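Per the working numbering: the sequence shown ends with 557, consecutive numbering throughout.
What you were told as hints is all true, and nothing was included just to trick you.
Simulated crosslink set (DSS-like; lysine-lysine; CA at most 27 angstroms straight-line):
1. 513 with 551
2. 444 with 551
3. 445 with 487
4. 490 with 445
5. 487 with 534
6. 531 with 490
7. 538 with 444
8. 445 with 538
9. 445 with 477
10. 534 with 513
11. 531 with 445
12. 513 with 477
13. 445 with 551
14. 444 with 531
Distance windows between CB atoms, simulated:
15. 378 with 522: 31 to 41 angstroms
16. 380 with 472: 39 to 49 angstroms
17. 526 with 490: 12 to 22 angstroms
18. 456 with 511: 30 to 40 angstroms
19. 378 with 464: 37 to 47 angstroms
20. 378 with 475: 49 to 59 angstroms
21. 528 with 476: 26 to 36 angstroms
22. 539 with 446: 16 to 26 angstroms
23. 378 with 472: 47 to 57 angstroms
24. 378 with 487: 38 to 48 angstroms
25. 437 with 468: 21 to 31 angstroms
Hints in this document: simulated from the structure, not taken from any laboratory.
If you're wondering where the values come from, they're calculated on a predicted model, not measured in any experiment.
Glycine included, each C-beta is placed from N, C-alpha and C at the ideal position.
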Amino acid sequence: MVILLILFAAVILTAGCINSKTTLTDSQEAQENSINSQETQENPQKIQENSSVIEITQLDQINTSLKKGPVLVKLGAEWCEECQELNPVLTQVATDYAGKATVVTVDIDKSPKLADYFGIYVIPDSSVIVGIENGKYVYMQEDGNVTTERSTAKILKIEGKEVYENVLDLALQKEKVKSN
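Go ahead and model the full structure; you've got the sequences and the hints to work with.
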């Protein structure tokens with residue numbers, strides 16, 4: 378019993394913020410989709426930039442960025458303290474990798490469909506997308522392997538910029554090998 382309590386405490390302390398967002402009703406979801414669609418038509422980019430970190434609301438924005446290179450995606454929320462602590466790290470990574478990789482964030486409260494698409498249950502949740510294969514995203518794992526299974530490529534806690542840089546470097550190396 379003591380071991381179970383210790384394990385439970387360890388999971389809680391290392392897991393990050395739990396997605397406690399309430400589920401949208403169908404009418405709320407339809408209204409949000411209408412708003413997102415209207416905003417996207419008015420401003421196709423619908424992007425807010427914080428230095429060179431881009432806030433996105435749609436998968437098409439990831440797909441467009443993938444044409445330029447790997448995409449580091451962080452999913453989080455404004456209310457999540459750990460997500461906010463990660464922002465300066467991502468800003469530095471975005472600056473260091475400008476022109477080579479894109480760093481994007483997704484606010485799960487503003488984009489619940491993206492949160493569902495990526496299967497988010499704990500935030501912050503990050504991963505590096507390196508391509509699309511058979512209609513699925515291809516992710517770079519921390520060990521340098523690629524996979525279409527995001528669950529094996531997630532970075533679920535606050536890490537130093539070295540972790541993100543390492544995964545991006547591996548993605549860029551793989552990209553260079555592909556192009557040669």
